[in-house]
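The lines below spell out each chain.
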Amino acid sequence: MKKWQCVVCGLIYDEAEGWPEDGIVPGTKWEDVPEDWVCPDCGVGKEDFEMIEIG
Amino acid sequence: MTEQAPIVIVGTGLAGYSLAREMRKLDKEQPIIMVTADDGVSYSKPMLSTGFTKGKDANGLAQASTDTMAEQLNIELRTFATVTGIDTEAKALLLGEERLEYSKLVLAWGADVIRLSIDGDGFEHVFSINDLLDYRAFRKALAGGKRVAIMGAGLIGCEFANDLRNGGYEVDVIAPSDVVMPGLLPEPAAAAVQHELENLGARFHLETVVERIDRAEQGVTLTLANGEYVHADLVISAVGLRPRTELARAAGIETGRGITVNRALETSAQDVYALGDCAEVDGHVLLYVLPLMACARALAKTLIGERTEVKYGTMPVMIKTPCCPTAVCPPAPEADGEWHVEAEGSDVKALFRSPEGEVLGFAVTGRFAMEKQALSKEVPPLHQ
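The listed protein sequences correspond, in order, to chains A and B. Using the numbering used here, you'd call the opening residue of the first sequence number 1 and step up by one each time. Using the numbering used here, you'd call the opening residue of the second sequence number 56 and step up by one each time.
The set of hints was computed from the structure by calculation and includes no laboratory data. Ideal Cβ positions, reconstructed from N, Cα and C, are used throughout, including at glycine. Among the hints, a few may not be true.
Derived list of chain B stretches under chain A, where covered just means 3 residues or more per stretch with a C-beta under 8 Å from a C-beta of chain A [as the list claims (entries may be wrong)]:
1) 68-77
2) 186-197
3) 384-394
No more than 25 Å apart at the CA atoms, straight line, and that leaves these computed lysine-lysine pairs for PhoX-like [stated by the list, open to error]:
4) B/K83 to A/K3
5) B/K109 to A/K2
6) A/K46 to B/K109
7) B/K80 to A/K46
Take these sequences, add in the hints, and give me the full structure.
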């Protein structure tokens with residue numbers, strides 16, 4: 001399980017937790033997150049997230 | 056010599072660093088020099104109005120040190136360097152006595168805050184927050200204070216009002232408009248945001264202006280044109296931004312409201328580009344994150360080899376007022392249509408529909424803010 005961080009606002013998408021508010025179930029890998037999913041905090045797209053070290 | 060000159064980027068804000076990051080995805084070796092007037096610490100400007108809500112001070116909002124950025128991006132960074140001119144003929148950036156040759160030059164130096172000239176002796180207590188260094192100074196000055204007056208009820212004024220209330224400060228907002236965020240939000244959405252900010256304890260003094268700011272025993276006293284007085288420890292001036300164009304204009308580069316560029320982000324000067332808050336892209340001056348990121352991606356491709364035009368999609372603006380979550384996608388100024396509003400308390404869904412019923416813009420607040428993505432898909436992109 002990896003974590004991805006929005007380069008704009010710092011929001012973290014944790015694959016282990018998914019993003020249930022948007023229907024993304026826990027355990028959803030980043031590549032399986034829909035391409036049109038956007039950062040819930042600042043609205044940028046998937047391409048503006050970067051993988052971060054597992055904390 | 057010239058063909059080996061580096062690509063030079065002026066500015067290490069979100070625009071400059073995002074561009075460098077995108078370029079490195081395409082080319083790991085291309086020499087890049089970044090020049091900045093400040094310390095080069097990486098931070099995200101939109102986050103400056105979220106410090107108290109997120110429990111972060113200036114250090115907390117810093118994302119990476121200058122050294123980390125230089126290493127990660129494999130760039131040479133020149134900090135505290137002031138650009139004094141551009142020699143577009145010889146392709147050199149002037150830093151005082153120094154001439155820095157470039158193969159391509161990118162202007163990503165942002166916008167200046169508009170400063171009002173106000174009578175009185177309290178100007179030392181007035182802060183504009185345009186970058187992380189400003190934010191650091193503001194937080195330092197605020198230490199021990201409790202009351203903040205904000206001049207301006209635009210997006211930044213409202214976001215700071217919410218954030219400072221979340222931090223437990225008394226907040227007074229003073230602005231000449233009769234609604235908050237005029238020109239950005241339709242009236243019912245603006246009223247919802249204002250109402251929720253008032254519920255949170257912020258006080259609004261609209262349709263008036265600050266006439267004087269005078270030192271008081273503690274902090275300052277603001278004299279308003281409507282006869283009211285506001286007492287504050289510190290004043291935030293958030294009355295707007297103006298793209299930085301002077302140096303470009305002095306170098307003979309075409310400017311309008313911003314530095315004029317086409318969709319390939321090319322200025323009127325050969326091998327000089329601009330993006331971010333300083334640029335007027337194909338007639339649009341959009342001081343928001345989404346356009347900036349779109350430009351960074353397109354320009355990175357152009358600089359690394361393949362000339363690429365930016366394509367603006369539908370770009371909603373998220374307004375960071377957590378007491379009343381809000382997203383807006385303003386219709387084009389010349390769009391034909393009218394607002395259709397559905398409202399329940401502070402939950403507002405306003406759709407700007409053409410006579411044919413097509414959604415050309417929207418503003419959503421409260422629980423309707425969740426619909427922003429679905430609505431964005433309905434709005435035609437800026438560039439078809």
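*asked:* So, against the hints stated earlier in the document, which numbers end up violated here?
replied: 2, 3
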